[in-house]
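K.L.:
Kindly produce the complete structure, drawing on both the sequences and the hints.
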Amino acid sequence: MVKYHEEPLSRTFGALVDETRRKILVRLEREGSVSISELAEPFAMTLPGILKHLDVLTQAGLISRTKEGRTVTVQLRASPLKGALEWLRRYERFWSPRLDKLTAYAEREERKASKPR
Amino acid sequence: MTSMTLVRRIRARPGIVFTALTTAEGIANWWGPDAGPVLMSECDARVGGRFRLRFRMLDGTEHETSGEYLEVVNPTRVVMTWEWTFGGEPDERGHVSLIEIDLRPIDIGTELTFTHAQLQTKISAEHHEWGWSGALEKLLSYLSARQDAAATR
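Chains as they are written, first to last, in my numbering: chain A, 1 to 117; chain B, 1001 to 1153.
Among the clues, some could well be false.
[Stated by the list, open to error] Calculated lysine-lysine pairs in the DSBU-like style (CA-CA distance at most 35 Å, straight line):
(1) A:LYS115 to B:LYS1138
(2) A:LYS67 to A:LYS52
(3) B:LYS1138 to A:LYS52
To be clear, the hints were calculated from the coordinates, so they are not data collected in a lab. Note that this is a predicted model, so its numbers are computed, not measured.
P.N.:
Below, the structure written as structure tokens:
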């Protein structure tokens, strides 16, 4: 019902479907800024392998990179996640106000029905 | 595939809530008008019967939804299919989802449990291997909380 732009959403969900990338995001959430070599450490993965994952995350707008001297650090960018969360909750937003109104209507009907004649 | 459940405690007996949910007149009374007018409401609430509901949103767009009643137990339970036959969610087009409503008598009246399930979308179908339900929503809430925290700093 709300217009969602499917492309960025698909990029966000496409980035999140991979476990390594989810772990990277959770770590960035906890630690803030992390260098690429530190990010690669816990994974049994080559540096080019990690860089590929970081590229996917960058294209989805989920991370940004900062260069300080010779070190490149990576930070989480949370804004695309908001859109994804909203998209997941869209049916809740659709039904919740309607059920509130159903509640009010049924309560009015109950008062009418139980009014002594 | 995702699903969502909402619960409401209503100060009205189950029979009144059931009528509000399963008659065309009842539905028209709570579906609109603040959310935009109901343009058509048809409702044949018996197993195998169908409902059809056309409404206009405040943005002027028209939508129509319809479905078939699978279970009708007056006044405690209604199960029906749900599909967009006009407008609606573009990525849900052609897909049939399921609505389950249970009404339980409680001291103040009725506890209504509303579940909209089997919501399949293009995006969720593409990434079917990782269920898009609770786990994903938790992760997203957790990660996006960081942005709120950063904004208030």
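K.L.:
Now look at each hint and say whether the structure bears it out.
P.N.:
Checked hints:
no. : hint                  : result
1   : A:LYS115 to B:LYS1138 : violated, 46 Å
2   : A:LYS67 to A:LYS52    : holds, 18 Å
3   : B:LYS1138 to A:LYS52  : holds, 26 Å
When held up to the earlier numbered hints, the structure conflicts with hint 1 and nothing else.
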